Amino acid sequence: MPLPQRDQKTDQNESEAKVPYEPWLRITPEWNEPNFSQVSPEAGRRLTYAEAIREALDQALTLDPRVFVMGQGVDDPSGMFGATLNLHQKHGVDRVFDTPLSEDALMGAAVGAAIGGMRPVYFHNRPDFLLLAMNQLVNHASKWHYMFGGAVNIPMVVWACTGRGWGSAAQHSQALQGLFMHVPGLKLVMPSTCYDAKGFMLSAIADGNPVLILEHRYNFKYQGFVPEHIYRIPFGKGIVRRSGKDVTLVAISYMTFEACKAADELSREGIEAEIIDPRTLRPLDESTILSSVAKTGRLVVADTGWKTGGVAAEITAMVVEKGFALLKAPIRRVTSPDLPTPAGYTLEKAYYAGAPEIAAAARELMK
Amino acid sequence: MNLSRETLLPLYFQMLRIRKVELRIESLYHLDEMKTPIHLCIGQEAVAVGVCSVLRKDDLISSNHRGHGHYLAKGGNLQAMIAELYCRETGCSKGRGGSMHLIDTSVGHIGSSSIVGGCIPIGVGLSLAIKMQKQDRVSVTFFGDGAADQGVLYESVNFAALKKLPVIFVYENNQYSVCSHVSARQAGEILFHGMSPELIQSFRVDGNSVLSVYGASREAVERARAGEGPSFIECKTYRVRGHAGSGPDTALGYRTAEEIAAWEAQCPVTRFRDKLLADGAITEEGIGNMEQEIEAEMDEAFRLARESPLPRGEDLALYLFRE
Chain A
1 MPLPQRDQKT DQNESEAKVP YEPWLRITPE WNEPNFSQVS PEAGRRLTYA EAIREALDQA
61 LTLDPRVFVM GQGVDDPSGM FGATLNLHQK HGVDRVFDTP LSEDALMGAA VGAAIGGMRP
121 VYFHNRPDFL LLAMNQLVNH ASKWHYMFGG AVNIPMVVWA CTGRGWGSAA QHSQALQGLF
181 MHVPGLKLVM PSTCYDAKGF MLSAIADGNP VLILEHRYNF KYQGFVPEHI YRIPFGKGIV
241 RRSGKDVTLV AISYMTFEAC KAADELSREG IEAEIIDPRT LRPLDESTIL SSVAKTGRLV
301 VADTGWKTGG VAAEITAMVV EKGFALLKAP IRRVTSPDLP TPAGYTLEKA YYAGAPEIAA
361 AARELMK
Chain B
1 MNLSRETLLP LYFQMLRIRK VELRIESLYH LDEMKTPIHL CIGQEAVAVG VCSVLRKDDL
61 ISSNHRGHGH YLAKGGNLQA MIAELYCRET GCSKGRGGSM HLIDTSVGHI GSSSIVGGCI
121 PIGVGLSLAI KMQKQDRVSV TFFGDGAADQ GVLYESVNFA ALKKLPVIFV YENNQYSVCS
181 HVSARQAGEI LFHGMSPELI QSFRVDGNSV LSVYGASREA VERARAGEGP SFIECKTYRV
241 RGHAGSGPDT ALGYRTAEEI AAWEAQCPVT RFRDKLLADG AITEEGIGNM EQEIEAEMDE
301 AFRLARESPL PRGEDLALYL FRE
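Residue numbers (this note's numbering), protein chains in the order written: chain A, 1 to 367; chain B, 1 to 323.
Incorrect hints may have been included.
Claimed, not checked - Below, a list of computed lysine to aspartate or glutamate pairs in the EDC-like style, where the Cα atoms sit at most 16 angstroms apart:
#	chain 1	residue 1	chain 2	residue 2
1	B	Lys134	A	Asp94
2	A	Lys295	A	Asp246
3	B	Lys163	A	Asp98
Stated by the list, open to error - Which residues of chain B face chain A? A few of them, derived with a C-beta cut under 10 angstroms, are:
#	residue
4	Leu60
5	Gly97
6	Ile103
7	Asp104
8	Gly117
9	Gly123
10	Lys131
11	Arg137
12	Thr141
13	Gly151
14	Val152
15	Leu153
16	Leu320
Worth flagging that the hints you see were computed from the coordinates, not collected in a lab. Computed from a predicted structure; not experimentally measured. C-beta atoms are modelled at their ideal positions from N, C-alpha and C, and glycine is treated no differently.
Using the sequences plus the hints, can you model the full thing?
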């Protein structure tokens, strides 16, 4: 398919760009992912991030009559940023349907439907809205299997996409993975590549447990090589996105791409960074992280969420606990500051950390 | 409503059985061998029995913290329930759930939540699954007046009505949430009675009359099976015992002894027994036989529970996920 063209300037100053009539149309994938070697480029086909998710859903709906997709706007003209686009036309409105703005009840309905033999996939625009459904997600979905001694299981998928930019502000930009990572009984996936977006959606649907997939809006800027066939990716298997001997960059979700930019920059300075993308936070692939730290002795953890009590804090604590002797320098965290997200673009720019902060942290460790 | 003896006697037997099990639990609770918070349903037996007696084995129910009666009325295994109260490995939840988390999927009981109102939307989801699989089963969710304070009930009823789901909301209004009377929490009558029957069929019944509950439930179930959508049954009853634990709680002073006595005079088990005796449907001897049968069953269940193994510490991490 032809690559949509975009003005590079628009990306660098996104908040200053002219606002089109439909804000989500501004997420036009025009960047190719770095070649992460999961799929050979000779495999041919590139999909956008949204197309990769949509293909997973399409295949799952075709394959398994128990699967259904629901959520606010999954059947609307924009189709959840394209991830569910027109699936209701292909699979019917009984299996792909819009929901009332009743997150609490509908999350419970997903739990009940899962107990009743279905495989619900419940879409939310933003993780912020999941807070309305915490009772069902944390108190019920994540507990039912354990609490009843394994008598029933809850095969359900919950999906949300963290916002960023366009003045989305404090209630449409929260990266809440730290909250969800805290909860036993809930699997937590944060894909970064198109390949992973498809593979983990299929793995999540096939899993017998509640799985939360948290995407990032900026992931939707990318397109990458995605096989046509159905494939699944195991949970708890991180991946080395780039090999290096000097410093380990553990990067979550979209931060993988920022880490890639940082690694390019560092490489020009003679610092070889190794990038680990954990891909799933629950379960967390501790051994891949520790093996890398064993090699480099230095660790920067980059997350899209907050610093205090968050994912970066947890990964840091894990390495200190299990790999203290491997460290040649203190661990650095690159995260959002412990503040609500501002709307104004000058403040947004100050708020978000990325490649420059990751590179600066790595340089510090090399001193 | 003309019901045969074959229908009437099991209604009484089930209520009597629940009452006697609750009284046995209560009488032994002070020994501190059942180390789990109990919420007795003494005085509310007619709701569980009236509803569940019109259900098939493959119909689904979801319940709450005050759920011993629902579990037994749906046919849940008594031995597994008592073992769960003793937190044994042989319990219905393998000692992981306790009194508030009973389950018996073999008879369509899919679990009980101790988060007030927690099972309301789950019951709706069960009915969604039933409808999507084109089955003729129904889903019943039991909740109390505390749950009726919650917004999730509105959301759940709306969605059930929107999708015409085969779900029955059983509002077991026992009038108290811990020590707070329903009048202190709700502005007036619950609003679902005011909805069009096309959207949801509502019933207001004497929750201490098993036949009233039975009649409304039968109509609601027929409606649900016929694909005509959800029903809402308010069963007004009374929590005779305290919120949790055993024994009367009159000393707390939030309600009067006279109020409790007035409701005890409306005991659903006694009322129904008197009616059956007056109608000649049962004899004192027949009742005595029922009591003996229940006593023997309970003796065995409590004995087995006490003798059963406790979960082992090394199995702590089992059941987090389905492998």
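Hint check results:
Pair hint Lys134 (chain B) plus Asp94 (chain A) holds up; C-alpha atoms about 12 angstroms apart against a cutoff of 16 angstroms. As the CA atoms of Lys295 (chain A) and Asp246 (chain A) are separated by approximately 8 angstroms, the hinted pair is consistent with the 16 angstroms bound. Straight-line distance between C-alpha atoms of Lys163 (chain B) and Asp98 (chain A) comes to about 11 angstroms, which keeps the hinted pair within the 16 angstroms bound. The closest approach between the C-beta of Leu60 (chain B) and any C-beta of chain A is roughly 7 angstroms, which is under the 10 angstroms cut-off, so the hint is satisfied.
With 10 angstroms as the threshold, the beta carbon of Gly97 (chain B) comes within range of chain A, its nearest partner Cβ sitting at about 5 angstroms, so the hint holds. Interface hint status for Ile103 (chain B): upheld, as the beta-carbon distance to the closest one in chain A is roughly 5 angstroms, under 10 angstroms. Residue-level restraint check for Asp104 (chain B) holds (minimum Cβ-Cβ distance to chain A is 8 angstroms; threshold 10 angstroms). The criterion of a C-beta within 10 angstroms of any C-beta in chain A is met by Gly117 (chain B), whose closest approach is roughly 8 angstroms, and the hint holds.
Here the hint on Gly123 (chain B) is kept, as its CB sits about 6 angstroms from the closest CB of chain A, short of 10 angstroms. The interface hint given for Lys131 (chain B) holds, since its Cβ lies 9 angstroms from the closest Cβ of chain A, which is under the 10 angstroms cut-off. The interface hint given for Arg137 (chain B) holds, since its Cβ lies 9 angstroms from the closest Cβ of chain A, which is under the 10 angstroms cut-off. Hint status for Thr141 (chain B) relative to chain A: holds, with the closest Cβ pair at about 9 angstroms, below 10 angstroms.
Hint status for Gly151 (chain B): holds, given a least beta-carbon distance of 7 angstroms to chain A, under 10 angstroms. The restraint placing Val152 (chain B) at the interface with chain A holds, with a minimum CB-CB distance near 5 angstroms, inside the 10 angstroms limit. The restraint placing Leu153 (chain B) at the interface with chain A holds, with a minimum CB-CB distance near 8 angstroms, inside the 10 angstroms limit. Because the beta carbon of Leu320 (chain B) sits about 5 angstroms from the nearest beta carbon in chain A, less than 10 angstroms, this interface hint is met.
In summary, this structure violates none of the numbered hints.
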